[in-house]
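Q: So you can see what is in the structure, the chains are spelled out below.
2 protein chains.
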Amino acid sequence: MNTIKTLAEAFNQTTYSLTIHGKRNIQVLKDAFQEIEGDLASDMYGAGSVIDQFQNKMAKLLGKESAVFFPSGTMAQQIALRIWCDQLGLPRVAYHPLCHLEIHEQDGLKELHHIEPVLLADKDRVIQLDDVRNITGDIACLLLELPQREIGGQLPSFQELEAISAYCREQGIKLHLDGARLFEILPYYQKSAAEVCQLFDSVYISFYKGIGALAGAMLAGGEDFTKQSKVWKRRHGGDLISLYPYILSADYYAEQRLPRMQQYYEGAIELASLYNDCPAVTTLPVVPVSNMFHVHFSLPKAKVEPILISLYETTEVGLSGSLREDSETTTCSYEVSIGDRYAGIPKDKITNAFKKLDELLREAAL
Amino acid sequence: MNTIKTLAEAFNQTTYSLTIHGKRNIQVLKDAFQEIEGDLASDMYGAGSVIDQFQNKMAKLLGKESAVFFPSGTMAQQIALRIWCDQLGLPRVAYHPLCHLEIHEQDGLKELHHIEPVLLADKDRVIQLDDVRNITGDIACLLLELPQREIGGQLPSFQELEAISAYCREQGIKLHLDGARLFEILPYYQKSAAEVCQLFDSVYISFYKGIGALAGAMLAGGEDFTKQSKVWKRRHGGDLISLYPYILSADYYAEQRLPRMQQYYEGAIELASLYNDCPAVTTLPVVPVSNMFHVHFSLPKAKVEPILISLYETTEVGLSGSLREDSETTTCSYEVSIGDRYAGIPKDKITNAFKKLDELLREAAL
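These protein sequence lines are chains A and B, in that order. Mapping the first sequence onto the working numbering, position 105 (from 1) lands on 105, and the numbers just tick up by one. Mapping the second sequence onto the working numbering, position 249 (from 1) lands on 249, and the numbers just tick up by one.
Simulated from the structure, these hints should not be mistaken for lab results. Treat the hints with care, as some may be off.
The list treats identical chains as one, so a pair stands whether inside a single copy or across any two.
[Said to hold, decoys possible] Straight-line distance between alpha carbons at most 30 angstroms, and here's what the computed DSSO-like set of lysine-lysine pairs gives:
#, residue 1, residue 2
1, Lys60, Lys303
2, Lys30, Lys57
3, Lys123, Lys57
4, Lys23, Lys230
5, Lys355, Lys5
Bear in mind the structure is a predicted one, so any value in this text is a computation, not a measurement.
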């Protein structure tokens, strides 16, 4: 008896998955802790060498005075905006309509901090200097997400970024970086993390995107800013007695993967090009500027899903475990992030899979 | 060359420490994960079998409809109070003057939730029914901490607790349990966790007090309450992609140590009695009602500290790694929590240490 497989099931059964680093399972923790001595002392409520050393290391890498480890980016970023709003006595910030704070945090910024966001730019493009210039009324802080994840990971030019930064400094607007995927964009900008971060007053980075650790975030900035952020971290309930499971794994995977960001970026460009050669497929951006992009099919989900399942079963290659119906129901899409896995897959497996995808989509488009 | 040791250093070098379970080091995590298969899937943003199973298990143990795992009690309790305040449209709660929310959370309840606390009872005693009856104005919720940690872990009688619960139900006041050390008081009350919890509308328990896991908390109550708590958990930045390091270790140590609470409780009674036989020492409470108590010296810290250091060095027995100067600077104190270690220490070592302490304190008191 055959039962119909879901896309996720079919994807999980493939031998060659083109995306991310690997499965999110307990082995991720086990690998990170294998070589760590058992008698190493836990951090204690934000103090101790385990947390201090990692904070100092990251502050240096980001070119900031100081950095504070947080259990999540949601917590770190709300707090960053709150500090800037309090400092300027102005509970108003600006960010992109698809900002994480606007669409993924159950309105924490509004419900907990009573901060009013101004949405800049159209949903389908990144924020430009003109958007900032045209804000009506004052704002305490502008948040820029680099790359803009929800539109496939797009970026402004570095020149545009410099212009926005200069304008904000001139206007007394604090500039905060949502750098959840900061390291992933450095190969495109050909800049160091510190060179990007020096345009910003405060910076958040994540440890489970390109770095692929368990969870956790770092918030960096001036000494006074990070000191205040620790008070808010306590208030939010993020000042745990022990954060070392996240800290030590973040350090472990950062060491491994920060040097591979160029490889992931090149993989994304190569893979996007394979997608764009297929009928009814375009990637956003067409040429990726990080390790990520979105794949859009100009066919309904109901048509694409069985194609993907069939593709996974016949080629052993997995492209994505999920497929999102786009608003108009005539198109669908998914996100691709390149990690460790991609480079290890035999080229002929990939070529064969895309040949097959091309055939299946041609048939479907008829 | 001799350098003067600090109390913490001397304590850490003793062979026989009478308190808690063991050192808070990475081995605590390693032990918990030793037997867990690497291919077990991570929880994902509050979903998945790892978190579901543990939440269900704890809900059952606490006799509540539902339970939600939180990274911290600070987060869980603010959220519990917020939900009850929102439900009654009344941002006012009552708790003890030495409540965790009042003295250890940087005023998160006020700064993030704008909830006004009414402080009940004197600092040095537990809340009684009369304190609740005499509240001026309405409150949405009363928080009771069992045992009251900052005064040595004191408890009201179970009868008093039942009377408070009945009164709150009659008055429409929600009753929340700060049960950070709930399991530690069950031997004294001779009740099950569910029997205590049924007096309360919502319950928080901690996994790193008597249970001695890494960190983490559970918030339990009715289905509607816990559902709302998940939204607030996201807002607080506590809905991490992976919480399994805390969940799986909490489960591991709960299995080990929940059955030992009677042993810890009896150890506390025995040890407190040894302290009370020494001159210039009293414990609070005199007879413990949980695994914890406070040790008060009627001598200044400057006199007691060298006595303890000398005691640790000559007897190999460690009593406490810290010593708090009390307000008037003529007395000092520390907290004792009994865990795994106490029962494993040879009785003659303990007897010998208290004989020595008795001698040293007699000399000092002259």
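Q: Hint by hint, note whether the structure agrees.
A: Going through the hints against the structure:
no.	hint	verdict
1	Lys60 <-> Lys303	neither (50 angstroms within a copy, 44 angstroms between copies)
2	Lys30 <-> Lys57	both (23 angstroms within a copy, 25 angstroms between copies)
3	Lys123 <-> Lys57	neither (36 angstroms within a copy, 43 angstroms between copies)
4	Lys23 <-> Lys230	between (33 angstroms within a copy, 25 angstroms between copies)
5	Lys355 <-> Lys5	within (23 angstroms within a copy, 72 angstroms between copies)
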